[in-house]
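Residue numbers (this note's numbering), protein chains in the order written: chain A, 1 to 465; chain B, 1001 to 1303; chain C, 2001 to 2387.
If you are wondering where the hints come from, they were derived from the structure by calculation, not from laboratory data. Each hint should be verified, as a subset may be incorrect.
[Stated by the list, open to error] Derived lysine to any residue pairs resembling SDA-like cross-links, with alpha carbons at most 25 Å apart:
id	chain 1	residue 1	chain 2	residue 2
1	A	K81	C	E2344
2	A	K307	C	D2315
3	A	K310	C	G2008
4	A	K320	C	A2060
5	A	K320	C	A2015
6	A	K81	C	E2013
7	A	K340	B	P1056
8	A	K340	A	R295
9	B	K1284	A	A10
10	A	K81	C	E2317
11	A	K320	C	G2318
12	A	K307	C	E2075
13	A	K307	C	S2336
14	A	K320	C	G2008
15	A	K310	C	A2313
16	A	K320	A	P257
17	A	K310	C	P2076
18	A	K81	C	A2060
19	A	K81	A	L2
20	A	K81	C	S2336
21	A	K81	A	A10
22	B	K1284	A	K81
23	A	K320	C	E2317
24	A	K310	C	S2337
25	A	K81	C	D2315
26	B	K1284	B	V1034
27	A	K307	A	P321
28	A	K320	C	G2081
29	A	K310	A	R295
30	A	K340	A	A426
31	A	K81	C	S2337
32	A	K307	A	H51
33	B	K1284	B	E1265
34	A	K307	C	E2317
35	A	K81	A	L104
36	A	K81	C	S2118
37	B	K1284	B	A1015
38	A	K81	C	A2015
39	A	K81	A	R28
40	B	K1284	A	P434
None of the values given here were measured: they were computed from a predicted structure.
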Amino acid sequence: MLPTDRIRSASLERSLLGRDASIFEGGRAGPVCFPVSTEEVQGCVDAARRHNRAVVPRGAGTGLAGGAVPLEEPLVVVTTKMNRLLSVDADRRMAWVQPGMINLDLSRATAPYGLHFAPDPSSQQVCSLGGNVGTNAGGPHCLAHGVTSAHVLAVEVVLTSGEAVVLGESDGWAPGLDLRGAYVGSEGMMGITTAIAVRLTPDPPAVQTLLLAFDSVDSAAQTVSAVIADGIVPAAIEMMDNNIIRAVEEFVGAGFPTDAAAVVIVEVDGLPGGVAAEADRVAELALGLGGSVRRAADDNERALLWKGRKSAFGAIARIKPNYYLHDTVVPRTRLAEVMKQVYEIVEEHELQVMNVFHAGDGNLHPMLLFDRREPGIMPRVHAAGAAIIEASLAVGGVLSGEHGIGMEKRDFMPLMFSEADLDAQARLRRAFDPEEMANPGKVLPTGASCADVNALDKVPEGVWG
Amino acid sequence: MPNGETGAALESFAAEVGSDGPVAVVGGRTHWEVGGPCPDDTRLVRAPSGVRSFDPADMTIRVGAGTLVEELDAVLAEAGQRANLPIVPEATVGGVLVVGRDDVHALGRGRLRDVLLEAVYVAEDGRLVKVGGPTVKNVSGFDLCRLLVGSLGTLGLVGEVILRTWPRPAVQQWLSGPCDPAVLRRELYWPSSILWDGQTSWVHLEGHESDVESEAELARSLGCNPTDGPPSLPAHRVPTAALEAGRLFDSYLVQFGTGSAYVHEPFPLPEPDPAVVALHRRLKAEFDPRGRLNPGRDPLAAL
Amino acid sequence: MSAKVSLGIDPEELASCVSCGLCLPHCPTFRVTGEEWASPRGRISAMREVQDHGAAVDAAFLSSMDTCVQCRGCEPACPSGVPFGSLMEATQASLARRRWGDWRRWGFRVLGHRWLLSLLSRTLAIVQRMRLVPSKRLGLPLIPLAQERLRASGDDVWLFTGCVMDAWQRSTHAAVKRVVEATGAGISLPGAGAGCCGALSLHAGLENHARALAIRTMGALEGSAPILVDSAGCGAALKEYGELVGTPEAAAFSRRVMDVHEWLAPRLEELPGVAVRSSDAVVAVHDPCHLRHVQRAHHPVAEVLARFATVVALDDEGLCCGAGGAYAAMQPELASSIRERKLEAIERTGAQIVASANPGCTIHLANAGVVVRHPLEIVDEAIDHDG
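Next up, chain A with everything else stripped away, as it sits in the complex (with noise of 0.2 Å):
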């Protein structure tokens, strides 16, 4: 087990890990424990078996789905202290890392070697690679190079038996299921990740950043599609309504045009004559379609284009002090069509709403913002998201793209899925968790797989040291 100045137990600490960054509130922790090592954390699940508790594993806390979120006072083991980079092998371009490693850490540590960790979440600076593994996130420059699962060669995983297992391998391949493929997205209710065997993807030798400016909504869409659709496959596309472009013109000052309806951020890398041709390629589409074409000059220009995409949280919470941020996927194709919907979602529950996301795979982020001290407002906001998930899904959408299920979308999963296909999600989940003790309470919409922790017997402060 851990050295006790591992252990908390103090109503505060267990509190303050009560919830991540997602808006639900309510959560408590039982004891919390902060392994610094594989052993120690099959130490606390050992120590969670013999107290009849559930597991919840915690890297940084900035879930926006609800997925740390402790029900039940579970255990919770936080991995931050785990934050070391074990092994880079530039050659084979992988490394092993620990779960609370930071994923922006890795890629700096890596970048002597010309190398980098692909998955780019708008957190990177601060969300842990275990929690990546987590809930496959995802991030801008995903559009090419794939999301999370497509980074990860192989997880060592602590299971709810206390056995540590390696999944898949470091080279890219061991025989058997993809038990690696399986456990990444499981959002901690498959065992608790204590190590990872990434793949460094190097980087460019050329980057090209456009910013293209439409009088419409609907143009941008189609640009985005028609690049799509003429064979380019940039590193990232990213799009911005108005709401957002002038919040954060006064917010950063990037040079975004304030009169333009819709904003796309397009950037292309790879080798100089590919990049050349392409950036002229998506130039020329989106100048047929009435658009305006800047280039970034230069990196300086580069980096403040990207500073005014990521700068969008900043500038949003100027507006209001609350924000819930969605999370769904369309096909391309059927862009333009469900961000006319949103407009209209928002504007019948009376709510602001600003569109900033990653247009190239699909994935709509619209941020609906608000003041959760305005009596009657939280009904409203809870009603527009589902009336924003229920448009995704009729056109052949999905409920999540990057931020996973958690609490948030587990009641709507019954949408998207039969109860053939849940019961089968719940299989796999059993096979891993037998007794479901893992953050027990997520993903799964069914009752029955939280009896067992509802029942759980309270430790009595103390026991935890």
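Guided by the hints, dock chains B and C onto chain A, whose structure is given.
Chains B and C in isolation, oriented as in the chain A frame:
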């Protein structure tokens, strides 16, 4: 196809699989022995075939699992696209997915395991089950798609799939020569394939004409020269970790970036971790407790 | 102690945090502990627990608050613009009222009395030389026995001299003064009225004391001339008098305050040439928190220095060094863990000299064996004063 609905072809596939008796899906029989022989009393069924829907601008395609990969490739080629599947003559889409071998270009184009966005399979009780989702990005629920790739049909019989597609490269070029594959990998930015037989390396370049030219120039300076293509892969797949562990094979071909090497003779692997074996057993028990799906096949022995 | 208290924090300010966590990596205590109670998000949640939900002010709460360095590195990182410094100052003010016996309450009073500080410092200097005080463990520098006297040279600008810095590091003021004068500007010096700026008192929650010091300081720096400050912590405090004192006069006073590098950067052409390129030494610029995060005016330091030395930046995004005014003395263990990260960043640059525009950082880093100079000391040695 809207969520929650299933097509007539899938319904009749499910009815054919039924809910009793050992059953296996037969495709092109190109890898029929992989993972062990199927007992003689196994009923054989065929998965639906044909393209169900394809909008090139979405860069996804929905096809019956019984569709030939060559047919799929022809449809995609017309739109200037491709899928990261190995193009094996007579093999079916469902077949190459559940066998799980990467295309020879996987180093640059991406792994087979990442190509599958959604699948509908017939579960052991005869019900149709959908996993994944139709969009290029999706984290709704657990990622059962990854589990199906390489499963040899032991968890469910795949009837229909949605695959992610990519643009076909403008220019491509194979080179080979007696150069160190690690050096090639380090020096070239994004080779789509590097193969190595212990003496000779084969490298595949693709993309914009001027980039392929400049990378080929670099490869030539490292001792490679243009060639028609690599030798065909030997029949049996082994993890490169086994090569590194010092096993000696008379001849082999290592496929960089996929953790795989190919050898001519089958061989026994070191025992896998008991915890990994136990997970396989529990998955089989959850998904096919009666052992009726593709009996005799063992993904852990799928070499 | 554990009784229900209101922390007296503005509810609007307290509500402004949305718990996104983007502050976490910019918080030095979270970086070294990885624990929520030691992060800005956790501290705000803890304040809410007490103020909104009636949780007890217990040892865990006090430790969460008192371990905050108040570097305010979380503020520029915060997308919601949460005024964390203000939340923490309000909290500390409420706690101070409950901790009236705290020695700090009396300790900081000394800083307001120049003669008393000077007397104590001289005593300390003598005792240090008799090796009676474990200076290193207490985080103290070697205090000079004798100080040169600074003389006014004109009325173009004021040079704010402060308390501890004037008593312990007056040679830095002298160097700054020579550099400013080399541009042709004449300097006024505050009289005996101006001592401590009040920053340390404010951080310790002694708001009234801080306000009194502010009013006295304002009285000693009259007129409309710019007020140059060569200590980042004092500069930040002076720039916030508008909020602290809350009068139009205070706001006008704050607008006159400039970090000395801010003033100097646009006047580089007026400086004489380089006599000695002091050395070919590489200088790493350490950004004091109160210059970077609070004043948000750290760029001029590198701009000024780059003329006279080879300058490299640290790659830690301005993470605090752990000095934090009196923090290094109050929380020695955390302060030295935080410093470890800074030392690693310094080592990665390969620089032999570190430039720091804040005396607290200078002392804290020097105690770990690093050569630390004020940026204008480096400039002073480099320029050709005769040319």
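Hint check results:
1. A/K81 - C/E2344: 18 Å, holds
2. A/K307 - C/D2315: 18 Å, holds
3. A/K310 - C/G2008: With Cα atoms ~34 Å apart, A/K310 and C/G2008 exceed 25 Å; violated.
4. A/K320 - C/A2060: 32 Å, violated
5. A/K320 - C/A2015: It holds: about 11 Å lies between the C-alpha atoms, which stays within 25 Å.
6. A/K81 - C/E2013: 31 Å, violated
7. A/K340 - B/P1056: 23 Å, holds
8. A/K340 - A/R295: Cα-Cα ~28 Å, so violated.
9. B/K1284 - A/A10: Judged against 25 Å, a Cα distance of about 43 Å means the pair is violated.
10. A/K81 - C/E2317: 21 Å, holds
11. A/K320 - C/G2318: With Cα atoms ~29 Å apart, A/K320 and C/G2318 exceed 25 Å; violated.
12. A/K307 - C/E2075: Holds: A/K307 and C/E2075 sit about 17 Å apart, inside 25 Å.
13. A/K307 - C/S2336: Violated, because 33 Å separates the two Cα atoms, which is more than 25 Å.
14. A/K320 - C/G2008: Within the cut-off at roughly 23 Å; holds.
15. A/K310 - C/A2313: Cα-Cα ~23 Å, so holds.
16. A/K320 - A/P257: Holds, because 23 Å separates the two Cα atoms, which is no more than 25 Å.
17. A/K310 - C/P2076: 14 Å, holds
18. A/K81 - C/A2060: 20 Å, holds
19. A/K81 - A/L2: 13 Å, holds
20. A/K81 - C/S2336: Roughly 18 Å between the alpha carbons, so the hint for A/K81 and C/S2336 holds.
21. A/K81 - A/A10: 19 Å, holds
22. B/K1284 - A/K81: The hint is violated at about 36 Å.
23. A/K320 - C/E2317: Violated - the C-alpha atoms of C/E2317 and A/K320 are around 28 Å apart, more than 25 Å.
24. A/K310 - C/S2337: 31 Å, violated
25. A/K81 - C/D2315: 21 Å, holds
26. B/K1284 - B/V1034: Within the cut-off at roughly 18 Å; holds.
27. A/K307 - A/P321: Holds: A/K307 and A/P321 sit about 21 Å apart, inside 25 Å.
28. A/K320 - C/G2081: 11 Å, holds
29. A/K310 - A/R295: 18 Å, holds
30. A/K340 - A/A426: The given pair, whose Cα atoms are some 36 Å apart, is violated under the 25 Å limit.
31. A/K81 - C/S2337: At roughly 14 Å apart (the allowed maximum being 25 Å), C/S2337 and A/K81 satisfy the hint.
32. A/K307 - A/H51: Given pair A/K307, A/H51 is violated - Cα atoms ~48 Å apart, limit 25 Å.
33. B/K1284 - B/E1265: It is violated: about 28 Å lies between the C-alpha atoms, which goes past 25 Å.
34. A/K307 - C/E2317: OK: A/K307 and C/E2317 at ~15 Å, within 25 Å.
35. A/K81 - A/L104: 16 Å, holds
36. A/K81 - C/S2118: 45 Å, violated
37. B/K1284 - B/A1015: Holds - the C-alpha atoms of B/A1015 and B/K1284 are around 22 Å apart, at most 25 Å.
38. A/K81 - C/A2015: 29 Å, violated
39. A/K81 - A/R28: 21 Å, holds
40. B/K1284 - A/P434: 13 Å, holds
Violation of the numbered hints given earlier is confined to hints 3, 4, 6, 8, 9, 11, 13, 22, 23, 24, 30, 32, 33, 36 and 38; the remaining hints are satisfied by the structure.
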